[in-house]
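K.L.:
Sequence:
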Amino acid sequence: MKRFEIFEHTADIGIMAYGVNLKEVFINAAYGMFNLITDLNKVNKEIKIDIQVGGSDLTELLVNWLSELLYYHAVEDIFFKEFKIKNLTERSIDAVAYGEGYDETRHKILREIKIVTYHQLEIEREHKRWKAQIIFDV
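At position 9 of the sequence shown the residue is numbered 9 (the numbering used here), and the sequence of numbers has no breaks.
Rather than coming from a laboratory, the hints here were simulated on the basis of the structure. A portion of the hints provided could be inaccurate.
Label pairs and their calculated CB-CB ranges [what the hints assert, rightly or not]:
#1 Thr105 to Arg129: 20 to 26 Å
#2 Gln52 to Phe7: 27 to 33 Å
#3 Glu126 to Asp77: 25 to 31 Å
#4 Lys128 to Lys108: 36 to 42 Å
#5 Ile115 to Glu82: 37 to 43 Å
#6 Ile49 to Glu126: 17 to 23 Å
#7 Arg111 to Lys84: 21 to 27 Å
#8 His119 to Lys45: 19 to 25 Å
#9 Thr10 to Ile49: 17 to 23 Å
#10 Arg106 to Val75: 29 to 35 Å
#11 Asn87 to Lys114: 17 to 23 Å
Quick list of in silico lysine-lysine cross-link-like pairs, DSSO-like style, CA-CA up to 27 Å [unchecked claim]:
#12 Lys128 to Lys114
#13 Lys42 to Lys2
#14 Lys48 to Lys23
#15 Lys2 to Lys108
#16 Lys108 to Lys42
From the three backbone atoms N, C-alpha and C, an ideal C-beta is built for every residue, glycine too.
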């Protein structure tokens, strides 16, 4: 099963993340977001960051999760390529993100993501898998 698909959206870009469970969808959404930003094959796992966020429901939790990762990217110049979720409930996530700081000799910025939007945000179970649609303002 593919992890995610990219789709164009008027002046924005989006991904459809897939997983056999919600943990996998959250991981693949994060991986897909960073795949939009840079070539993850050139990112090493030198930094480990613990991430804990909450939300009032799954959609807010997904936006907060991706926004927190995007914050570290914007403020600390970190690219994440691997994610492990220790605990996920409908209102909280406790995870670890692995990546490295920006290295201009190896990391090309493919696009800048400004924010994770709520526009057409969906998380749903379809047949025997989960999927989430996320649109990013670029």
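K.L.:
Checked against the structure, which of the hints given earlier come out wrong?
P.N.:
Those not satisfied are hints 1, 3, 5, 6, 8, 9, 10, 11 and 12.
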